[in-house]
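Please take these sequences and the hints and turn them into a complete structure.
In order, the protein sequence lines correspond to chains A and B. Numbering-wise (the working numbering), the first sequence opens with residue 845 and increments by one. Numbering-wise (the working numbering), the second sequence opens with residue 845 and increments by one.
It is possible that part of the hints are untrue.
No copy labels: a pair is met if it fits in one copy or bridges any two.
Using 30 Å as the maximum straight-line C-alpha spacing, the simulated DSS-like pairs for lysine-lysine come out as follows [stated by the list, open to error]: (1) Lys1122 x Lys1041; (2) Lys882 x Lys1005; (3) Lys1134 x Lys966; (4) Lys861 x Lys1134; (5) Lys861 x Lys1164; (6) Lys1183 x Lys1042; (7) Lys1110 x Lys887; (8) Lys958 x Lys1042; (9) Lys877 x Lys1008.
For the record, the hints were derived by calculation from the structure and aren't laboratory data.
There are 2 protein chains.
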Amino acid sequence: MFNKYKIKKTKSILSTKTSISSIGEFGLIEKLKNSISKGPFTKLGPGDDCAVISPQKGEYLISTDTLVEGIHFDNSYMTLQHIGYKSVISNVSDIYAMNGNPLHISVSLGISGKYTVQDIEKLYEGMNIACDKHGIDIIGGDTSSSFSGLVINITVIGVQKSDKIIYRSGAQENDLIVVSGSLGGAYLGLQILLREKKATDTLNNNEEVRNDIRSHMSRHKKLIERQIKPEARQDVISFLRENNIQPSSMIDLSDGLSSDLLHIAKSSKKSVSIYEEKIPISDESLDFCKETSLNPTIISLSGGEDYEMLFTIDPKHADKIIQTPGLSIIGKVKGPKHKNLLHLAGGEEVDLNQMGWDHFKLEE
Amino acid sequence: MFNKYKIKKTKSILSTKTSISSIGEFGLIEKLKNSISKGPFTKLGPGDDCAVISPQKGEYLISTDTLVEGIHFDNSYMTLQHIGYKSVISNVSDIYAMNGNPLHISVSLGISGKYTVQDIEKLYEGMNIACDKHGIDIIGGDTSSSFSGLVINITVIGVQKSDKIIYRSGAQENDLIVVSGSLGGAYLGLQILLREKKATDTLNNNEEVRNDIRSHMSRHKKLIERQIKPEARQDVISFLRENNIQPSSMIDLSDGLSSDLLHIAKSSKKSVSIYEEKIPISDESLDFCKETSLNPTIISLSGGEDYEMLFTIDPKHADKIIQTPGLSIIGKVKGPKHKNLLHLAGGEEVDLNQMGWDHFKLEE
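Take a look at the structure:
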């Protein structure tokens, strides 16, 4: 797709591609079965009517997500390994967001005719890397046909003791609002990839433009990685456990800071107040926003898929958090009668509930 | 779609339809949340990063299935309630097939623009009816956009004590092969629906033909019900438990007798021998096959979605099975070195492994 050489290369390996129809659904499952490893908590993996998992102490946490090609991902700018990796990470992140320990995933694929056995093996390669990293087994799943590209559904299963599970609903008045890492990078990474895709689609043979794009992409590698290879913040969960900090509420940032923080506020029947200048934004994001005249605060509030942890803690833990790089106190939980507010650097206040792109633009 | 009156009717209620985009994903989840009931084993249903389920004695059984519009179902001849109902039943059946007790399901939907909030509520109506029938909670799920119609992914979670779980792999030499109910009905029901769909699509204004089809459909109501409203055989599982019959292996018939029996043979490292005249086929199926010159044995072997239970038992239980209406001994498990055989009524033998439609036709 990118240039003649690559097209040729793609063609020359076509002969080693196997169509899924030639080996059938059972054949594909058989192949995939061999590529996955069975961990100590899985009694029976794929191959029967159900998978069987050994009982663990604590309560089970279950989460499920569907990723649809063209809506949640686009394999013109993401490899199948990355898509597989990210599909696991986004699910595992939900288990960490409740302070759980992920153990198993079940994978359902809808596969259209354009995909070969080798493609699906690549997807599984990415999934297996993410699973190894987080100590998870693929316990089963099914494959079926799809009319429109690839549909990936993953259900993740984790465990945690009842009193250690952290809900969205536990935030208390005067708690501090903390966020890990930096925000907005995944969204900016997507913008870079989309721009690159558009340019390569329309300016198909201009090598100079292409080189420009490549140099541009390599400069923004970190942002692109935030989009195509996000991390689930198991390290943040470990840090909190090691320091005996049990957040009163927690959520992972998949929809964007504004939307996810409002989930906590609503579930906890409290209000929240955050400060623009406290929102952590990386230097790469600031540089890119400057270059492209984007507002980094809007991006951080509205851009999703950062998979950072957003949580509330008792103020007694403030010192520990302040001393820890990579964690930022961005605001405070208030009583239920207040508005949910963003305090802008200039002193103005914006109602987070009413904040959309348009509204925010008026405030600028 | 069927006639002028129906088109008019559909239009007249359009005013009460709500587009999903008008209430958004969160709005839709909020609406659906209210329609589902929380059972005693669910600590937290939809609304947080994960659902939380209380621990149960025994091991957990997990199964997942994706149903794609146009591949697994077609809402031109199935209502959304039926689609919802069937999507739960086909999953629950997998839990029963391992002698498990289904407790929870998690539902992921991919929804294209043509569906309204009311449509998804109808789908959930059907799911809720199936859940109530089998004592299951909907613990969560997600909704996302889809380019091609509706994509339904369900993950079902059940429990059973370790020594009560029945695998595909336990069949022993000399065990009897037993099947519940009658076979082939769901496939024939589908043929009737497809024929009706084709006729109503092409002969659009001929009322006489239409009446003919309607009378034909009402005569074959039972077969159509096998397709659009299948049952998961919880009653068979109860019967076996009450009579202390623990099958050595079990599977539910979703792919067809031939394919599913070969799964047992392969997993158990045994061979199987079944008898054509012992395969249970309903009178309705026999009548329809006669009328349409279809071979009822082929239909029973190859037609899927009957969701009957296929299991192997120690011969000491033979008397009890023979006395029980609705259970049929259809053959025997043999050593690993034999062929997997179907003994035809005329005395000939067919290798089940090599049996396709074409091969079988040669034998007729």
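30 Å Cα threshold - placement of Lys1005 relative to Lys882: The answer is both: 24 Å in one copy and 21 Å across copies each meet 30 Å.
Given a CA cutoff of 30 Å, do Lys958 and Lys1042 count as a within-copy pair, a between-copy pair, both, or neither? Both, since 22 Å and 28 Å are each at most 30 Å.
Should Lys1183 paired with Lys1042 be assigned to within, between, both, or neither, using CA atoms and 30 Å as the limit? Intra 41 Å, inter 58 Å, cutoff 30 Å: neither.
Given a CA cutoff of 30 Å, do Lys877 and Lys1008 count as a within-copy pair, a between-copy pair, both, or neither? Classified as between; 25 Å across copies, 34 Å inside a copy.
From the Cα coordinates, with 30 Å as the cut-off, is the pair Lys1134 and Lys966 best called within, between, both, or neither? Neither: 37 Å inside a copy, 49 Å across copies.
30 Å Cα threshold - placement of Lys1041 relative to Lys1122: neither (33 Å within a copy, 61 Å between copies)
Using 30 Å as the alpha-carbon threshold, which applies to Lys1110 and Lys887: within, between, both, or neither? between (40 Å within a copy, 19 Å between copies)
Which holds for Lys861 with Lys1134 at a C-alpha limit of 30 Å: within a copy, between copies, both or neither? For Lys861 and Lys1134, neither the intra-copy (45 Å) nor the inter-copy (45 Å) Cα distance is at most 30 Å.
Identical-chain pair category, Lys861 with Lys1164, by Cα at 30 Å: So Lys861 and Lys1164 fail the 30 Å test inside a copy (54 Å) and across (53 Å) alike.
Consistency with the previously given hints fails for numbers 1, 3, 4, 5, 6, ordered from lowest to highest.
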